[in-house]
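Chains as they are written, first to last, in this note's numbering: chain R, 1 to 444; chain A, 445 to 748.
Listed next, the in silico SDA-like pairs over lysine to any residue satisfying Cα-Cα at most 20 angstroms (straight line):
id, chain 1, residue 1, chain 2, residue 2
1, R, K54, A, I489
2, R, K50, A, N501
3, R, K47, A, Y497
4, A, K693, A, S662
5, R, K278, A, A609
6, R, K413, R, S380
7, R, K416, R, P383
8, R, K278, A, Q610
9, R, K278, A, K649
10, R, K127, R, H216
11, R, K47, A, D481
12, R, K36, A, Y497
13, A, K644, R, T280
14, R, K423, R, T327
15, R, K36, A, F482
No lab work stands behind these hints, which were simulated from the structure alone.
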Amino acid sequence: MVFEGLSSKLQDTFKKLRGKGKLTEKDIKEATREIKLALLEADVNFKVVKSFVKNINERALGADVLKSLTPGQQVIKIVNDELTSLMGGQPAKLEYSPKGITVIMLVGLQGAGKTTTAGKLAGHIKKDSKKVLLAACDVYRPAAIKQLQVIGNQVGAEVFADTEEKNPVVIAQNALKYAKEHFFDVVIFDTAGRLHIDEALMNELVDIKEKVAPDHTILNIDSMTGQEAVNVAETFNDKISLSGVILTKLDGDTRGGAALSVASVTGKPILFAGMGEKLTDLEIFYPDRMASRILGMGDVLTLIEKAQADFDEEKAVELQEKIRKQTFTLEDFKQQLAQMKDMGSFKDILEMIPGAGKKALKGIDVDEKEFVRSEAIINSMTPEERNNPSIINANRRKRIAAGSGTRVQDVNKLLKGFEQSKKMMKQFSGLNNKKHGKFKFPFM
Amino acid sequence: MAENLFEKLKNSLVKTKKSFSGKIDQLINYSGVYDEDFFEELEEILILSDIGYESTNEIIEKTREIITRENITDKVKVKNTIKSVVRDILKKDEDRHREINVPAVILIVGVNGVGKTTTIAKLANMYKSKGMNVMLAAGDTFRAAAVEQLEIWADRVGVPIIKNAQGADPSSVIYDALQAARSRKTDILICDTAGRLHNKDNLMKELSKMNKIINNSSDHFSVYRYLVLDATSGTNALSQAATFNEVTKLDGIILTKLDGSAKGGIIIPIKNQYHIPVEYVGVGEGMDDLQEFMPEDFAEILFE
Ligand SMILES: Nc1nc2c(ncn2[C@@H]2O[C@H](COP(=O)(O)OP(=O)(O)O)[C@@H](O)[C@H]2O)c(=O)[nH]1
Ligand SMILES: [Mg+2]
Numbered sequence: 001m002v003f004e005g006l007s008s009k010l011q012d013t014f015k016k017l018r019g020k021g022k023l024t025e026k027d028i029k030e031a032t033r034e035i036k037l038a039l040l041e042a043d044v045n046f047k048v049v050k051s052f053v054k055n056i057n058e059r060a061l062g063a064d065v066l067k068s069l070t071p072g073q074q075v076i077k078i079v080n081d082e083l084t085s086l087m088g089g090q091p092a093k094l095e096y097s098p099k100g101i102t103v104i105m106l107v108g109l110q111g112a113g114k115t116t117t118a119g120k121l122a123g124h125i126k127k128d129s130k131k132v133l134l135a136a137c138d139v140y141r142p143a144a145i146k147q148l149q150v151i152g153n154q155v156g157a158e159v160f161a162d163t164e165e166k167n168p169v170v171i172a173q174n175a176l177k178y179a180k181e182h183f184f185d186v187v188i189f190d191t192a193g194r195l196h197i198d199e200a201l202m203n204e205l206v207d208i209k210e211k212v213a214p215d216h217t218i219l220n221i222d223s224m225t226g227q228e229a230v231n232v233a234e235t236f237n238d239k240i241s242l243s244g245v246i247l248t249k250l251d252g253d254t255r256g257g258a259a260l261s262v263a264s265v266t267g268k269p270i271l272f273a274g275m276g277e278k279l280t281d282l283e284i285f286y287p288d289r290m291a292s293r294i295l296g297m298g299d300v301l302t303l304i305e306k307a308q309a310d311f312d313e314e315k316a317v318e319l320q321e322k323i324r325k326q327t328f329t330l331e332d333f334k335q336q337l338a339q340m341k342d343m344g345s346f347k348d349i350l351e352m353i354p355g356a357g358k359k360a361l362k363g364i365d366v367d368e369k370e371f372v373r374s375e376a377i378i379n380s381m382t383p384e385e386r387n388n389p390s391i392i393n394a395n396r397r398k399r400i401a402a403g404s405g406t407r408v409q410d411v412n413k414l415l416k417g418f419e420q421s422k423k424m425m426k427q428f429s430g431l432n433n434k435k436h437g438k439f440k441f442p443f444m
Numbered sequence: 445m446a447e448n449l450f451e452k453l454k455n456s457l458v459k460t461k462k463s464f465s466g467k468i469d470q471l472i473n474y475s476g477v478y479d480e481d482f483f484e485e486l487e488e489i490l491i492l493s494d495i496g497y498e499s500t501n502e503i504i505e506k507t508r509e510i511i512t513r514e515n516i517t518d519k520v521k522v523k524n525t526i527k528s529v530v531r532d533i534l535k536k537d538e539d540r541h542r543e544i545n546v547p548a549v550i551l552i553v554g555v556n557g558v559g560k561t562t563t564i565a566k567l568a569n570m571y572k573s574k575g576m577n578v579m580l581a582a583g584d585t586f587r588a589a590a591v592e593q594l595e596i597w598a599d600r601v602g603v604p605i606i607k608n609a610q611g612a613d614p615s616s617v618i619y620d621a622l623q624a625a626r627s628r629k630t631d632i633l634i635c636d637t638a639g640r641l642h643n644k645d646n647l648m649k650e651l652s653k654m655n656k657i658i659n660n661s662s663d664h665f666s667v668y669r670y671l672v673l674d675a676t677s678g679t680n681a682l683s684q685a686a687t688f689n690e691v692t693k694l695d696g697i698i699l700t701k702l703d704g705s706a707k708g709g710i711i712i713p714i715k716n717q718y719h720i721p722v723e724y725v726g727v728g729e730g731m732d733d734l735q736e737f738m739p740e741d742f743a744e745i746l747f748e
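Work the whole structure out from these sequences, hints included.
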């Protein structure tokens, strides 16, 4: 809708200035208005947006602008990184209680998807070879207990239900007792949906919580929730102290700003995202993906990623330059190894390099397992040795081997590999000294 | 009773809308000069009520225009101007709002968990209390125990229900219900459907099929399709309205959960952009908790 045109608008605004130097107040001001609107349009709560933008201003001012980015793009990059870390940075994990039973309580507004999520969670936990009990504590909504029974049956988890008992606090207590007596590892309490402003029902939750002492009190929130997400999460957190959040119905087309609102007012991790109606549709929540979804500037972010890659390529060129000038050191070699490690099959990469056919690669040992060992060896060298490997004599080799927990043969092998790489680098830099074609990665 | 219900709605709205109008008051009191900052802040206040960006802009532009043209500087008058701009949007398309002609079939659609089934109970209860004979069709054959849920409501309200087992083809349930309603001379048949996210093509196709079957019965029934929206939802409700309107041309909207603290501002852009009248609002979980939507009052309460 409205924001389809936003990215391109942003592009226009910031086309002019290629990055160099630091972000100025003016750069940031120009970018933040658009970012603010993007976040608001994604339903991030206004107050959250306001304080967020303020933080960004402080953080961005004076920050370095990546050479290949415009100041506007650089601000977006900072925003995206910041959004990611606000939502926890890394995916969170549901921890089991180290001893005894793990008690999980699901809470939330009506229609947030608690019952379905309870089933999904049971299925997820069962995969860890745990015995899971589902406890039906929604005595209010017609057929809610039946719904949990059907779902429990589908995922193969036992359901504790008592259709005679009208007090959910009593049901919860009995369910916990049952779970302990029957050696369940995990018990999940499905509670009735309730408005956070409904004092009586909120007190009921406090009661249940006191009686069952959950390890995890998890708020289920519909990812389509608007500005109220903040008040909902805040009130639930104040009343019953949440430990985490599950975001539901994320398979819709919502931008899902509620995720940010909830994360920032509770400070609690988002554990999972509901991604469909099937009971297997529960996924780990990835803060970085959510950040770009909320920001809704996919194309700008792609551009930024590309710029980042170009930036890395520039560094690669620098490196080649070094080698040509015979200044390629073991220190550089180590950096290369580190980069290689995350790049999958080493051989594949070498083969991708234009000019480096199978022939050129012959005789080079590319055992990936050696990366770790090689790194350890280089780490045991003195800076002097790294910069000038020719001084590494037999004595030094012994010392390095001992320091890195390897054998002298390993040290020899590494030094030989290094010499080979150096030679090869020279060859390639002669082959393609300016254009690299598809080759983006520096090599040994 | 109608008055009581309205009182209930009003009370719940007053409680929550206070913050909204309170802020506008504050703004008007403090800002004095109606400059760009004033309008920027106004924009933010409107967005905070889930009114959304586009309609917010429209409201602001209109207000700005009127204030400038009529040289309004008086604080109370500015407030009245904003109020009247909002009221105009809310009153749009109310001519489409009509009495239900019997025999009628009502198809209830919406995303998951918005309150479709509960709303059906409320509607059934309302029509029944008006002396009509009502029948329900358990068209949600997908969600676990959805049929049982509607059955319990049918029992509480005291109306018949046509159902099939979970997993059955929902279109066939609707078809059977239409036949039954025809032969039993039912005044109003209300069809429940499974919640579906509007971006799921296969589910929207399934809905389209049900819609067709209902349309085929228009020789006998007047057909109404209502979209149920959750007042707690944000701008995604716009997308819901747009897509459901495409698939099953909507006759109206029912806005639920207004007893919560959500401001229900989403209906402003919906009325503004898709010209679908809001028929009823849900103000609780009981079968009496349904109220006719009254644009004038709604606007008034919003700014009270
Ligand atoms: N507070 C409140 N809850 C409602 C309202 N309408 C429905 N609900 C609740 O929302 C939940 C989901 O309702 P349901 O009718 O099952 O939704 P469906 O999945 O769309 O059929 C239930 O717990 C209902 O009691 C309303 O107007 N106010
Ligand atoms: Mg339903």
